[in-house]
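Letter by letter, the chains look like this.
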Amino acid sequence: MIFMRIPLINKKQYIQQMKKVNFTHLRSKLPLLLLVFLLTFSTSIHSQDAPVADTAVASDSAGGDVAAGESLFKANCAACHKMDKKAVGPALRGVGEKYDRDWLYKWINNSQALIASGDALAVKLFEENNKAVMTAFPALSETDIDNILAYTDQPKAEPVAAAGVETTTTAASNDGGSVSNTLVIGALLLIFLLLVIMLFLVTNTLKKIAEANGVVYEEKEKRTPIWKAFIQNQFLVLVFSIFLLLSGAYFGYGYFMQVGVDQGYAPVQPIHYSHRIHAGENQIDCNFCHSSARKSKHSGIPSLNVCMNCHKNIAEVAPETATEEYSKEFYDGEIAKLYKAVGWDAENQEYTGKTEPVKWIRIHNLPDFAYFNHSQHVTVAGIACQTCHGEIQEMEIVEQFAPLTMGWCINCHRETNVNLATNDYYAKIHEELSKKYGIEKLTIAEMGGLECGKCHY
Amino acid sequence: MASNKKYWKSVEQLNEDSAIVKALQDNEFVNEIPTDDFLGNKEALESSSTTRRDFLKYMGFSTAAATLAACEGPVVKSIPYVVQPNEIVPGVANYYASTMADGFDFANILVKTREGRPIKVERNDLAVNAGGSANARVHASILSLYDKNRMSGPMVDGAVVSWPEFDTAVAQQMNEMAGKDVVLLTQTFASPSTSKLIAEFTAKYPNVRHVVYDTVSYSAALDAFQTKYGTRALPDYDFSKADVIVSVGADFLGDWQGGSYSKGYAQGRIPKNGKISRHVQFEANLTLSGGKADKRVLATPSQQMQIVKALTGGSASGLPANLADAVNKAKAQLQKAGSKALLVTGLPDVESQTAALNFNANSEAMDSNKPLLIRQSSNSEVMNVVNGVVSGSIKGMITVGVDPVYSFPNSKEFTEGYKKLDMTLAFAMKQDATASLAKLVAATPHYLESWGDMQLKKGTYSLAQPTIRPMFNTRQFQDCLLKWTGNSKNYYDYIKESWTASILQGSSWNKTLEAGILISDVEVNMEEGMPAKGITLMEDSTSNGAVSSPSLEGDFELTLYTSTGLGDGQQANNPWLQEFPDPITRASWDNYLTISAADAEALELENFHVSNGALNGSYVNVKLGTVVIENVPVIVQPGQAKGSVGLALGYGKTAAIQEEMQTGVNAYPLYQNFSEIQKVNLEKASGMHEFACVQLQNTMAGRSDDIIKDTTLEIFNTKNISHWNAVPVVDYDHAPIEVRDKKADIWTPFDDTIGHHFNLSIDLNACTGCGACVIACHAENNVPVVGKEEVRKFRDMHWLRIDRYYSAGETFQEEIDTLENLPAFDFYDVVEEPAYLNPQVAFQPVMCQHCNHAPCETVCPVAATSHGRQGQNQMAYNRCVGTRYCANNCPYKVRRFNWFLYNENDEFDYNMNNDLGRMVLNPDVVVRSRGVMEKCSMCIQITQKTILDAKRDGRPVKDGEFHTACSRACQTEALVFGDVNDKESEILKMKDNDRMYHLLENVGTRPNVFYQMIVRNTSEA
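Sequence lines, in order, name chains R and Y. For the record, in the first sequence the residue sitting at position 291 is 291 according to the working numbering, with numbers rising by one throughout. For the record, in the second sequence the residue sitting at position 295 is 295 according to the working numbering, with numbers rising by one throughout.
One or more of the hints may lead you astray.
[What the hints assert, rightly or not] Here are the simulated SDA-like cross-link-like pairs (lysine to any residue), alpha carbons at most 20 Å apart as the crow flies:
(1) R:K359 x Y:Y81
(2) Y:K309 x Y:K336
(3) Y:K275 x Y:T1018
(4) R:K454 x Y:V932
(5) Y:K945 x R:S296
(6) R:K359 x Y:E115
(7) R:K156 x R:A318
(8) R:K337 x R:R276
(9) Y:K951 x R:N419
(10) R:K85 x R:K98
(11) R:K359 x Y:V76
(12) R:K428 x Y:R869
(13) Y:K204 x Y:N490
(14) R:K428 x Y:D953
(15) R:K312 x R:V88
(16) R:K454 x Y:P923
To be clear, the hints were calculated from the coordinates, so they are not data collected in a lab.
Just chain R, same shape as in the assembly:
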């Protein structure tokens, strides 16, 4: 049981290491590679037999199907309960051992009825949990409940000793690898230097020998140095200076034109919010949080109560969410920051009232004299957020994707056709304009979208 998940992680790590290895000098890492293979092999053997034994033990102890229980738990209970932490309802690990099984059936099937019947334990529990009404689950059969309880009664997986040892060993070997890497390079450099010195010494000695033997070298013809030749050639100088001036102008212009253009601007935010996790992995629609984008000029940074719609129950990320760069602990810490800002006491599941508004750093800064309206683009034109904001669902840290220059705006207005067909507002204008231009499709520019006053007022 204890070993059930750890070996898998290790395997993953090894594979990653292998990938890494490919990038560096293969030869220097050959011994390491061998070691890695050895380790992988040994642990995978380990992992093959461990789970089988584990599951057997687990199902034996609880008298139910853990896997079925897990899926039932996730479908029905997880919204309010966690295994080891109090959420809306109390933590459920070991609950099957704490209470009488028949009582539990009744409670889960209809807790309110149980309370109403005056059951002392039920009333006590109800009071203890701030009289939060638990949804009745009459559909759950006793077997289902047994399965769930089997799942909840599993002992907590402690990522302890064995895992610790193994990770440290791999970490050590990993570290060893990088250390030897530099060492090898250093040694090679030293050898190379020695070789150069030796070569120099050899030529010197040979020269001396030759001199001593009276060998006479052929005198080289004296030539004008190349820089002098260059200066003397007026044509070349002229061409070169023209080239210099032109390239200077080109690069100078380029430099000045990028002043104030913050493409790629990715500031460090007070809370490390990952769009990759939310919009990417969890596929949350942009409009869910940025709801005002549909009806307002601002897309709106969601207020913290929007975050808490979900994060009231998500106090920590799943272990799979962690990446190489950001660990699970890191993400959990960021969620803790949210709790602190919104004043949520996760222990007692209540709001403290002490709030600290989050001071996000604005990434997309349009100048004040430019008017931009999100709803015009999102609702009316139906443009995807990604068109201007880039593949936001892949960004761990959001950066400014588009240059946000006027040229960029104008260019899009020139090239994009207005969606005339489905909007009655355009019906009359469309008819008249298409008659005038004799075309069916109209760009924004043809509709007057290049006029100064449309954005500057």
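Starting from the structure of chain R, add chain Y where the hints point.
Chain Y alone, transformed into the frame defined by chain R:
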């Protein structure tokens, strides 16, 4: 052409030889730009150690350094809500219906909020004929919300305390005061719930008596109405139902009775089936109503009283011959009109008011069943309070929404008495004159932060709701009363409860709150604290008032009035209102004594323009008995009745007001017995006052034809359109053709028939010059305030100005001819009336005309201004380099140059220079920087939004959806905006109207703004 009149803006222009006028017609500035001054003298320059080369080196270095420094972009933070309120979508405006009721201005409004902060006040279209009006001050009140001089919390003896501490202090005081006379002096709330609450408060503390004090009193009219109809209220009028309107000293298009009549008036003034109403105005000061009148007759206040008598049955004998003639003619017309006649008077005299009420009893235009409840005060009661405080019989005073130390006529004696009171509690938003003397000061929120209910007009109930959480530690008066009467409810629950109990009658509370207004037949008693009020008191007021028989002697009859900008002075710390040029005098940042030319000459008072075109004027000391107001600047006002002078109330505040806005003189000391009519003596004082008057500014390059077109109803009905609204002609192949002809065009035509094409129609017959559009434009477009010194240099930034033109006879030649042909003795009478003694007046709102062939576009070297397909002349500020060629080439002089940085600049310490004041800025419009040109954009941000809303819904834009800030603000619907490519649209009908003309049409600019010419009803029969 009938409209071949000479129009003039300033008396200066009547002087044929005026060098200044000539210079201003030809040049932007009268003087050469004094380059030598700032270059200094030659010797000093030569002896300087900094050589030209050094200078260039430093320049080069600093330019390079600045360029490099600019390469690094700043880090911008975005901070979202922790919990976003459901109704807020960042970037989308929310509108809330509310009601303004500050005791002087009452209006049903819509408040536009962005991200939870109110940024604009608009009128509530659901409130039709509901009393009150969304005038310039109501539109500007949004900025008063962000006044940095507001109090941050309640104060006891000058120290800021917490509310519980304050409550304790008040409770202690109130207990100490038991048995002693305490006066609760309040504004008119016109609020059912507040009345109920005050009754509960006075029930708990029987020694407290409630007295209503209107800073500008309508006591006489209220007394007259109360006697006749039993309710203390003001009759409501529907001017659209009147065929003949005679006003004697009532500026009903101005602030008279809350000023809600302009819409009805304008409806009657648009020619329909060849008919418009006839309007005769007898008055001393030139007012907006006088400016709009078909016939304006000069009469001093004492003459006006006789006129009212004569019109209502008495005889006209005793009046000068010309007046008697005018009165008789008016009387005949009134009689002929029968039930369609209307006589209104603004005289503070019960007798005259009663006469007018009796006269109107049969008039369809007067509504006495559903009268206005927006004024309540009784002069005699308020006088009793003043006397009680001075004599010491009153021991305590609670003031709410009023500032008696500033506005009581005998302020000096009152202040002495006030300081000696045992208890002084002031509810105030700012440390005003009263609050700074009071021991207890309760900081109140702005009305946009408060709940409230109102009944502005009987049977019309309104709700006020907060649109922002209170920004300071404030608590509204009603919540304090609830607390102090031991009620645990808050005012919101209290209103809701009392509405559910009576007013709602089953209607939905939420629906009513959304609409802001509810018409209901439920009667709610709002006369809680004044049980003893009745006939007896009213008689007191007449005998006590000294109103009809001025006992004081004086050479001049003074008429005090409230200016369009500042009203009674509550919003004196509002820079938008201070900078708003008075529609008549075109002077801003001041009040002044208006005097007729003849009197000015007699007293050797003068107005003259200094070399840069700015106006200077003499000072006078105004004496009324022992009261002397020193150094009042004088403006020689065409149309001021001889022997009369005018002065605006509401100025001269010094407490809790920024130094720049401590303008003018306080005229309240002259407001003796709360009567706006006084007899005063004038005495010339030394010195010259510098006005910030823009009347000579922006003369359209000396072109005077085709600016204002007007005709008479008779000609309009009988003659051909070519006679009264001819299109200018130009020569083409030696034959005249109209300028609208395609052949007259030197421009390449372009197709503007596809998509939207915006036009704005301005009906000069309906425009009353009220200025709501000017302020709405300020709020919508982040127009900066530049201050008095800059306005004096004609550098005001108003995108929309309201030009005021005077005119006398048909033409000057005609005038001379008439004089020459007159019989010997008549001659003198006429000559004594110089052209400017009683001119006709025309108001003309001018903004960028959005020419299809715009002269500005062709001269811009950087193409910063260009033409849009939708007809708008667009200005790209970020592209502008500030050559000002466009402004020079604009025939309408509507472009405004940012001579300085007007935001975040201590030199211009107005709302854009502090964080609080900047909250009013419209986030959809750029705040312009120094050195760029700006101008009216035809509210392109609004038209774009309207289009986008339609696109999002996938539907065509409906007619009436398009609007601009000014068209939305216009109470009289003089400004109509729309899409002329929509064949069904209202604006297209306006464009095809016979009265339509373009400003300076002969220039051939083809503007997208057009005007509807003036038609006056001159028939005397």
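Hint check results:
Straight-line distance between C-alpha atoms of R:K359 and Y:Y81 comes to about 10 Å, which keeps the hinted pair within the 20 Å bound. Only pairs whose Cα atoms come within 20 Å are accepted, and Y:K309 paired with Y:K336 is accepted, the gap being roughly 18 Å. A hinted pair counts as satisfied when its Cα atoms are at most 20 Å apart, and Y:K275 with Y:T1018 qualifies at roughly 12 Å. As the CA atoms of R:K454 and Y:V932 are separated by approximately 19 Å, the hinted pair is consistent with the 20 Å bound.
Proximity of Y:K945 to R:S296 is assessed by CA-CA distance (about 10 Å); at most 20 Å being required, the pair is judged to hold. About 17 Å separates the Cα atoms of R:K359 and Y:E115, which keeps this hinted pair within 20 Å; it holds. At roughly 15 Å between alpha-carbon atoms, R:K156 and R:A318 fall within 20 Å of each other, so this suggested pair holds. Our distance criterion of 20 Å between C-alpha atoms is met by R:K337 and R:R276, whose separation comes to about 19 Å.
Straight-line distance between C-alpha atoms of Y:K951 and R:N419 comes to about 11 Å, which keeps the hinted pair within the 20 Å bound. Restraint check for R:K85 and R:K98: satisfied, since their Cα atoms lie roughly 16 Å apart, inside the 20 Å limit. Among the hinted pairs, R:K359 with Y:V76 is consistent with the structure: their alpha-carbon atoms are about 10 Å apart, no more than 20 Å. Taking the CA atoms of R:K428 and Y:R869, the gap is about 16 Å. The hint holds against a cut of 20 Å.
A distance of roughly 18 Å separates the Cα atoms of Y:K204 and Y:N490; the hinted pair therefore holds under the 20 Å criterion. For the hint pairing R:K428 with Y:D953, the CA-to-CA distance comes to about 15 Å; that is within 20 Å, so the pair holds. Between R:K312 and R:V88 the CA atoms are separated by roughly 9 Å; this keeps the pair inside 20 Å, and the hint holds. Between R:K454 and Y:P923 the CA atoms are separated by roughly 16 Å; this keeps the pair inside 20 Å, and the hint holds.
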